[in-house]
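Given next are the chains, with one letter for each unit.
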Amino acid sequence: ILNVEQSPQSLHVQEGDSTNFTCSFPSSNFYALHWYRWETAKSPEALFVMTLNGDEKKKGRISATLNTKEGYSYLYIKGSQPEDSATYLCAFMSNTGKLIFGQGTTLQVKP
Amino acid sequence: DTAVSQTPKYLVTQMGNDKSIKCEQNLGHDTMYWYKQDSKKFLKIMFSYNNKELIINETVPNRFSPKSPDKAHLNLHINSLELGDSAVYFCASSLQGNEAFFGQGTRLTVV
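From first to last, the protein sequence lines stand for chains F and P.
Last residue of the first sequence: 111 (my numbering), numbering continuous.
Last residue of the second sequence: 1111 (my numbering), numbering continuous.
Simulated from the structure, these hints should not be mistaken for laboratory data.
The structure presented is a predicted model; accordingly, all values stated were derived computationally and were not measured.
Positions of the beta carbon are idealized from the N, C-alpha and C atoms, including for glycine.
Be a bit skeptical, because a hint or two may be false.
Unchecked claim - Cβ-to-Cβ under 7 angstroms is the rule here; a few derived chain P residues that face chain F:
hint, residue
1, Phe1042
2, Leu1043
3, Asn1051
4, Ile1055
5, Ile1056
6, Thr1059
7, Ala1072
8, Glu1099
9, Phe1102
10, Gln1104
Excised from the complex, chain F in its bound form (with noise of 0.2 angstroms):
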């Protein structure tokens, strides 16, 4: 069974907080590791696709970087905004093309 674990599971922070997120996935079968941003009413749209051990991706005030000897990502959002709010998923791609999602951090900014 591929189970794949986010933490916490939601986070309330001020804004200019600066905040991360954990996600544990099987360090077997490894394809690929994914995060998705996604906020009410819309679909889940990706962040980041991260394949190798020791990457790290950033896109603007979002980074993350990927463990997979030991089956961890961390999601780090700089400076958090109001606009920020929402809930951020991770999901391991296996090598059989499944991808599995965590049940998601839902993050809300206080402005």
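With the hints as your guide, set chain P onto chain F.
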């Protein structure tokens, strides 16, 4: 142009009915997925199709069946609908393990 489109967006039907949800992607992707969003917003994978072959079939009731007339379409058929089938269903597609693109979701309500 919508990359991944699902129809209908809303579907209200009675218990025992048979219904279909259509999904089409115009991205030239080779893999399509169906997910069921549970009450906690968790995306649970139901099916995925790669180049018209079912590569995974999760433990969903056999009342649910995916049908792919061609590489750009993956429709979801549901027989003998039950109250517990009420949920939002998302279709998605990807190319060779890269980011998945999602449809807007179909909210199914069984009464």
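Here is what the structure says about each hint:
1. Phe1042: 5 angstroms, holds
2. Leu1043: 4 angstroms, holds
3. Asn1051: Since the shortest Cβ distance to chain F is 10 angstroms, the answer is violated.
4. Ile1055: 5 angstroms, holds
5. Ile1056: Status holds, d = 5 angstroms.
6. Thr1059: 10 angstroms, violated
7. Ala1072: 18 angstroms, violated
8. Glu1099: Holds, about 3 angstroms.
9. Phe1102: Constraint on P/Phe1102 satisfied, holds at 4 angstroms.
10. Gln1104: 6 angstroms, holds
Of the hints listed earlier, those the structure fails to meet are numbers 3, 6 and 7, in rising order.
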